[in-house]
Amino acid sequence: MKGWLKRWGLYRLIPAVILLLALLFSMLGAQMYREVAALRSAPQDNVQWTLAQVEIELLTLLDTLRAAQDAGKADPRRLAELRKRFDIFYSRNRTIARSQGFQDLRTIEQFSTALGAVRQTLDDQLPLIDGDDPALFTGLPDLEEQFQAIRPTTRQLSLIGIRKFAELSDKRRHDFGLLVFQTAGVGLVLIVALIFALAVLYRQRQIAQASSAKVRESRSRFANTVNVSLDAIIVADGNGTILDFNPAAEKTFGYSHARAVGADMADLIVPPTLHAAHKEGMRRYLQSGKSKLVGKGRFELDAMHANGSIFPVEMSIGATAGENGEPILIAYVRDISKRKRIEVELTNARDKALAADKAKSQFLAVMSHEMRTPLNAVMATLDLLDRTELKPRQRDFLQTAITSGEILQHHIDDVLDLTRIEAGAIDLQAERFDIRDLIAEVERSTQLAADKKGDAVSVQIDLDETQICLDRNRLRQILLNLVSNAIKFTDDGTIDIIAASHADTDDRRVLTFEVKDTGIGIAPEDLGRIFGDFVTLDPSYQRKAEGYGLGLAICRRIAAAMGGKITVRSERGVGSSFLVTLPEAEETQTTEERRPESTSAAVPSGVSLRVLMVEDNETNRFVARAMLEEEGCTVVEAVDGEEGVAKAQEERFDLILMDISMPRLDGIEAARMIRSGSGASKAVPIICLTAHAMSETRDALHEAGVTDCLIKPLRRKNLQHVLSMVLKHDRAQEHDGDPETDILIDPVLLNELATLMPPERLNRSFGRFIEEVGSLRAQFETLCESRDSQAALKHAHHLTGSSGMFGAVALTEAFRHFQDLAAAGDMASILELLDDVDALGQETIAAFETEGWAARRPVPTEAS
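Okay, so the sequence shown: first residue is 1 according to our numbering, each after it adds one.
Watch out, some of these pointers could steer you wrong.
Calculated cross-link-like contacts (lysine-lysine; reagent style DSS-like; alpha-carbon spacing at most 25 angstroms) [what the hints assert, rightly or not]:
1. Lys647 with Lys682
2. Lys453 with Lys391
3. Lys292 with Lys352
4. Lys296 with Lys340
5. Lys290 with Lys251
6. Lys516 with Lys453
7. Lys251 with Lys340
Simulated from the structure, these hints should not be mistaken for laboratory data. Nothing here was measured: the structure is a model prediction, and the numbers come from that model.
Model the full structure from these sequences, guided by the hints.
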């Protein structure tokens, strides 16, 4: 009922309905009272009596008239009595004719006619009645006759009146009965309304009692919550006067409940330094209702203890309205002194950890220098020994020493690589290459180890387009590590290398590389930790295979830096499967810009380069000088950066080999001074030789003018590559100085390529390149006709890389120009230049034949 009443708003209507019913009942009661009073007065009885009296008065008049006649003479006394009776009868008729009580009767035609006839008769007899006695006596017979004549008429008046008043009495009784019924009905409705109102009031009383009980229960719960709360709760009014102070607040601030309640909050818990800000905030809140703290969530500030000490608290303030509408503030306060102490301890621990990490990085950098510096001398000396005449047993010893040195170098590189990745200093260079070539390198590099273990390595490439864009060196590092691990833990089994791809949600190609083996597998409990640093599995693994637990950790970090991941599935006794998922990157390095890091190319005989060797370590200078002289170079030494700058200013060298870490002036600053000066060797290549594998970044080296950087230990094959690069640089400068000379191919680069690549793969790649050059006209004509500039750009880019790889210098520049035109959408210009470029392609093919590369061209078959 409560919900229904609320829904229709009848709570407000009940008093109005009761008041209206009471008013109506009062009005009906008053009407009933008037009707009863009217009945009590009975005016209709007087009217009926008057009508009946008229007839009686007429009979009395006739009796008096006969008595006067019986006297036989004009008896004055009897005639006077006759006149009196006539006057009475006349007065009765006059009353009926004029009285308001007979108004309804006079509206009746018969009554009005009869009354008029009687009055006419009476008016006609007035002269006789008012005459002298003798005349009256004489006229008595005629007068009797006239009065006898109106007797029926008088009787008719009485009958009509009786009938009329009977009707009026019936109507009055009916109306009175209806009034009584209406009054009773209204009274009944009023009683029902009063009963309903009483029921509503009773229900309201129950609701009020229930609400009061809930309020008491809620108040009790709130009080209990406040009292048992672990946080201090302070309730205050708008003036800052404390209204409630829970036990936690007593413990936090040191005041009792009795002491705190009624006191000013500012005096008790606000530090003196914050009094002004507190009062200003309270004033602003009371005036505008706006506050920087009320309803703003948790915040931290200082509070004051009863003993005067200041301590940090975390506080949240809410507001509500009191009974008189004034604001009531509820503050939840938590002592965070312990938390702050812990934060300070954590901060100190973090600082110590950062300092330790920095010390670790510094230690590794120092160890890099300290370990690589002697290793440089050892490896360089071993390389020099390798070129001497040795007995077979001595050469075996030498190869063992070289292998051990390379393993040591690999260990150092891994540790420093891990440190570099953790520092976010990994440098990724995305380039486009053929994944088949890379996997073939990995397969060839691990073939010897696989043969020793009796393992068969198979390759499966499920790619429609084998040209991919990734950091080639980093991908090779990952695959080499995974394949090497698979070989370590597989005896007389199989290792599968599977390359595939799919498209992600952004329609970007995602490459997957899976390395599967049939080895001993990995225990389920070890799967979650194999990618950890320095993690090796149980001792049986350690006895079975060498390793120090960094390879997978480094691979995982490299994959993450490339935007991918490595996952593993394994079953003990069945084998393992490592899946590398990498999104294809955007190219940051073109094919012709790449330089093999570990390739060797013999320096042509009869060529002597002048090399400035700037190195502070005497041993390193000795072995480097010996290696350079073995290659036919003339070496000039400088013991520090200042001496190196001075000699570079005085004399032109073909190459400057410079250590980075040197006293007085380091190698980077020395290179910057050489480049910024005007000395004789300002423009010659500067190669930095350093033991610091993770110090200066490539951008910093290039900014200083360094051409390239070699990491110690210096190996003969790396040195040969640098010298070949210098020769190519010098030849290019010679041709640049002679505009009439048009370089078609670079024979030095061809020699490097022949040394670097296996013959079978080289022949296959070169044959594919010659076919592409031979069909370039048809390809570009089709693209120009379809005006597909994007496809033309892609094809020109591919040909630019292929030409650069095989040293087709002029053709590379032509295809690079095609790239620019296709990027601008200028297909017409490509079509105009197509004849010249096609002719240049044929000249380039002829130049390859002149260099003796004709045998590498593909031999057509009958099917072709």
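The hints, checked one at a time:
Using a Cα cut-off of 25 angstroms, the hinted pair Lys647 and Lys682 holds, with the two alpha carbons roughly 11 angstroms apart. Pair hint Lys453 plus Lys391 does not hold up; C-alpha atoms about 29 angstroms apart against a cutoff of 25 angstroms. For a cut-off of 25 angstroms, the pair hint linking Lys292 to Lys352 is broken: about 37 angstroms separates their Cα positions. The straight-line distance between the Cα atoms of Lys296 and Lys340 is roughly 22 angstroms, inside the 25 angstroms bound, and the hint therefore holds.
About 31 angstroms separates the Cα atoms of Lys290 and Lys251, which puts this hinted pair outside 25 angstroms; it is violated. Between Lys516 and Lys453 the CA atoms are separated by roughly 16 angstroms; this keeps the pair inside 25 angstroms, and the hint holds. With a C-alpha separation of about 19 angstroms, the suggested pair Lys251 and Lys340 falls inside the 25 angstroms cut-off, and the hint holds.
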